[in-house]
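Engineer: Once you have looked at the hints, place chains E and V on chain H.
Residue numbers (our numbering), protein chains in the order written: chain H, 1 to 786; chain E, 1 to 185; chain V, 1 to 277.
Just to be clear, a hint being listed does not mean it is correct.
Unchecked claim - On the chain H side, residues computed to face chain V include the following (Cβ under 10 Å): (1) GLY650; (2) ALA713; (3) THR714; (4) GLU715; (5) GLU718.
Stated by the list, open to error - Straight-line alpha carbon distances no greater than 25 Å define the calculated DSS-like cross-link-like pairs of lysine-lysine that follow: (6) E/LYS16 to H/LYS80; (7) E/LYS7 to V/LYS10; (8) H/LYS27 to E/LYS149; (9) H/LYS458 to V/LYS227; (10) H/LYS774 to V/LYS241; (11) E/LYS7 to H/LYS27.
Calculated from the structure, these hints are not laboratory results.
Cβ coordinates follow ideal geometry from the N, Cα and C atoms, glycine included.
What follows is the residue order along each chain.
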Amino acid sequence: MTIEVDRAPVHEPRVIGARAPRVEDPKLLTGQGCFVDDIQLPNTLYAAFVRSPHAHALIGHIDASKALQLPGVRAIYTAKELESVLVKLRMPLGFPTTALPQNITPFVLCPKEVCFVGEALAVVVAESRHIAEDAAELIEVTYEPLPMVHDCRQSLEPNAPSVRLESPSNELNHFKVTYGEIDHAFAQAHCVVKASMSTHRGAAHPIEGRGVLADFSGQAELTVWSSTQMSHDLRQMLSELLGLNEDRVRVIAPDVGGGFGCKFLVYPEEIAVAACAKLLARPVKWIEDRSEHFVSSIQEREQFWDMEMALGLDAQILGIRGQMLHDQGAYTPQGINCPYNAATGVTGPYKVGAYHLEVSVVQTNKVPTIPVRGAGYPEAAFVMERLLDLASVQMGIGREHIRAKNLVPKAQMPYEKQIKNRAGAPIILDSGDYLHCQEMVLKHIDFEGFKTRQRQAKDQGRYIGLGFAHGVKGTGRGPFESGTVKVSPAGQVSVYTGALAMGQGLKTALAQICAEQLGVSAADVEVVCGDTRFVTMGLGGFASRQTVTAGSSVHLAAIQVKKKALKVASQILEASEDDLELRDGFVKIKGTDKQLSLGEISRKLRGVPGYALPPGVEAGLEYSEHWQTEVLAYSHSFHACEVEVDVQTGGVKLLRYVASQDSGKLINPMIVEGQLHGGITHGIGNALFEFMGYDEQAQPFTTTFADYLLPTATELPEFEILFHESPSPFNPLGVKGVGESGTVPVVATIFSAIDDALKDWKIHLKHAPLSPVKLLEEVLFQGVSP
Amino acid sequence: MNSSPLKTISFQLNGKTIQEEVQSRLNLADFLRQQCHLTGTHVGCEHGVCGACTVMVEGRAVRSCLMLAVQVDQKAVVTVEGISPASGLSVLQESFWAEHGLQCGFCTPGVLISLTQLLIDNSSPSPEEIRDVLSGHLCRCTGYQNIVKACMLAAKRLRETPDLAQSILIPQGHKLTVIEGHHDH
Amino acid sequence: MLLGQCQNAKVLAGGQSLMPMMNYRLVGIDHLIDINSLVELDFIKDEKSFIEFGSMVRQYSIAKSDLVSKRLPLMSEAIQYVGHMQTRNRGTLGGSLSHFDPSAEMPLVAYSYDAQLVVLNVRGSRVLSMAEFGQDFMTTALEGDELLVAIRMSPWPEGHGYSFVEFARRHGDFAIVSVATLMTLDANGFIDRVSIHLGGVAATPLRLTEVEAELLGQQPSEALFVKVSQPLSKLDALSDKLYPSWYRARLAQSLVVRSLTAAQARCLNIESVESHS
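In isolation and in its complexed conformation, chain H is listed as follows (with noise of 0.2 Å):
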């Protein structure tokens, strides 16, 4: 016997706020969902990529003949076949901008140099995956290796091997972020406190992998089906690479199987893939594997940070500076957003003084680097709060004190920074409650009572410490997104927006907004996203923006749906405005049985040939807006862990953690948490788990998920979520975006408790991750490897 269940369990209301079960599960929980492998076209043919095994190297000779004879392959590529449907080789810079040099982003198919190991020099096209992986271990190509560069404190040194010798310099941009009288800050402060800190390379690694799926059909248009988090930005570039108009592309995202970042980029395969259907008038179709993954989706975290902070008597922050290098790898596809959004968030949620950051972005011979979730905000927080808990110690001054006297007031916001972000405007924090969240969260972990049960611990033998630590996340970035609100003559609400679904329920959050507006049921609302065809502009699904930037738009342009349905239907039902209310998908008089519904209002708007539409009113029942803006809505999370410290294996168990989370007005607190638990325990990835090793000739050697670990179901306590509200001001829901926020303090936290559980050997933690051996080095030997 089972459940026959045609909606979901009813909680509460389908509104706004409500913790509605998402519109997306059915579909999932019954494996009917939809990811790009899932798509079977007749006649697809499918694709596999010859990757260098070199870190750095010149291409001689590519022999494919004995591939060619495989039954079944039906062509192998180079970058110089290629080029024939190829109005150039070179991908285009995803944010494109005058400040960086020329010649940095990827190729289709390297044509000459290969600068990573990873890095697709041929693909070969068959009947099935398996022929064409037989096929590419049959292609023969001759290398000739060049030195290379594995680490990016390399990069500079005098005498460092170019990283691609068509680049003048390792140095792929050098910028400073500064602001106030910083040897001022310095020369008086009463305690500087000093420390060199890193993050290192680890990716994104959705469970779903990357995969692209594209088909000529008739050789005039060309669909392509991505697992991507920008399909317009996608289509732009398949249509400028493979010089087509625009109108006749069409990029579908599927079911997306996880992004985090990884999925925000248009890459050379996808292109490469998309050439090849239109050399062979066939579908082709690739599906990256977890091997592919780990030498050619883009990578991030990798940054080395020597930094100084000034603090005067009373604790209060005068001033930070310092140096950061940021390993881009070989290529920059996109931008440096992120060592930008690193160099521009160190201070966070607290006021400093002065500020003076010189970035180095240099460049190596790894994988590029894009952002992965939290995007330069997890590598600035870590900075800040280390050194915080640094001056903590040095001053004596307990930690929560020391944040206390200098984090920005609520009755000060929105507090405008003096930092400006790239477009040239401060940064503003727009709202918050930071110290309240704070002793909130401390109550709740029970800090106070902590330095007993600290001792009793010891007293067994026992070593445990509580950590905490905050983090602010930019989150809503513009310009815009796309939003159309549309009810159809039978009555169908739909939404259609530019915004992309990669999991974190954007379906049913956009849903929500709708349905509050409308007053339909939720579940009721067609949310189309991801699809080219429906919207004409978009940007897509990163940084945390389209609860802000999507659901502006939905929300106005509901807003407007509504209006019209009013006017329209006050005409229609002779009744004034104020006496309508809209319900269950009618307009009714207040307190009569007299109604209309959103489907006659539409049908009314369609029109008749002969007839006038309704005065006063367009025609469709149907809005569009692309709500605007500069500003970023800034959310907040303060988090508290407590962690047991194993001083002979050098393990660490988090006993408990405890987050809060401001990120303003929550459309459905449900998927929120979801996605703080996501975000704390890829920042748990990142604090203990996940180190990608690169050797000294640039060899991945972590290549499976044997050696890069994530985090598991067992290595994980509960985690508590406390909520406080904060609505943005700067946007008409007040809300602030939430699916980067739950990973940008983790780390810190984390590192704050193990120092705490190991304050007898007074260490600070200063490079992350922290493996078992690391840690033992810490407590044998002070930190220095025997």
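Structural biologist: Chains E and V in isolation, oriented as in the chain H frame:
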């Protein structure tokens, strides 16, 4: 490995007996997805760690990327499609829906299969026991938090509704023969 | 016979180790001999002086077996660490022993219980001790045309102390270092028999004969265990990019103390406070 011999296999798939000709090199996950057109089972890593490909073979949850299609000859295989009712959701699926136990949904079918086996073996699992089973799955979205809650809720519902428990989450109409593990002789 | 006839052939048992390597194209095999149909090799038999396992017995059967938990409790404890529920559903004892990964738990158990391995080929069968079977890094004495068919484990006396301890990064991961201890105390409470094997520090499991010798005839105590384990910190252990030799040596030292403590407590039928990492 260029030529891969073909073999005809006969097996039970979600309660139905079917015959298929398969290449001997074809793994079970690819076979189910491409030849049987059941795309609910997903491939995440191909090296037996992520668990996205988990299906039931002879009543036990296994990684289908680590089995060959030929190995299920004469066996009973159940995929996520086989633990889903003809319409609506099973108790376990409905609990996931209520507790927000999934986000992108890619790891979910495999997780449902593992938890189905758990609930067959243990009608009152503790959160620790659930996490132990989940440790064989990688999820990048949920942090596993709500998956544990969903499983606890499902177990509770099944205990409270004994006649539901008889079906052990396999909907009516599917005849699944669960072969017990070997006991001591 | 098939094995002898086919070039470049390998036996496919549980597939949990072999299939990932094949999927990653790390091994190219022309012939896979699937022995999963040999149901006659899937058994656990109480032969009184030894417990015999068919080589195809699934790891989950071992986990559920009352006989094993009663007569070979070290194995019951160790099996909890072997992979995950999903891999134990397919993985076999024979497969684990034949694969002979230095971090694997079952080989350590086989050494501890003086396993005798029955190996079959076209010429007949032969019986090897674990010491003879396990030769080098992932290398056993199995010839190309041989099949491991049965494993006989010799139980220790009823009431013996036992402990399997390991340190891994996450639950179910390969152990970085593991320790298998068996112990009995005489009527006066002195250690009269002890066996300690260490995994993950050498190409094959290491028996700590010197440590054992120092323990025999002694009154067990924490101080004693700490003292005898001290030299382990100087072990010339395996080293790789992630876990250097000194770290494994230190782990060995700490885990041996824990294992001895837990094994001793079980001798007295007292549940010790286990500290699993």
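Engineer: Compare the structure with each hint and give your call.
Structural biologist: Each hint tested on the structure:
Interface hint at H/GLY650: satisfied, since its Cβ lies 8 Å from the closest Cβ of chain V, which is below the 10 Å cut-off. With a least beta-carbon distance of about 9 Å to chain V, the hint placing H/ALA713 at the interface is held under the 10 Å criterion. Interface restraint check: H/THR714 against chain V, minimum CB-CB distance 4 Å, threshold 10 Å, status holds. The restraint placing H/GLU715 at the interface with chain V holds, with a minimum CB-CB distance near 5 Å, inside the 10 Å limit.
The beta carbon of H/GLU718 comes no nearer than 16 Å to any beta carbon in chain V, farther than 10 Å, and the hint placing it at the interface is violated. The hinted pair formed by E/LYS16 and H/LYS80 fails the criterion: a straight-line CA distance of about 51 Å is larger than 25 Å. For a cut-off of 25 Å, the pair hint linking E/LYS7 to V/LYS10 stands: about 19 Å separates their Cα positions. The suggested pairing of H/LYS27 with E/LYS149 holds, with an alpha-carbon distance near 20 Å, which does not exceed 25 Å.
For the proposed pair H/LYS458 and V/LYS227, the alpha carbon gap of about 23 Å is at most 25 Å, so the pair holds. For the given pair, H/LYS774 sits about 13 Å from V/LYS241 by alpha-carbon distance, which is consistent with the 25 Å threshold. Distance check on the hinted pair: E/LYS7 and H/LYS27 sit about 34 Å apart at the alpha-carbon level, beyond 25 Å; violated.
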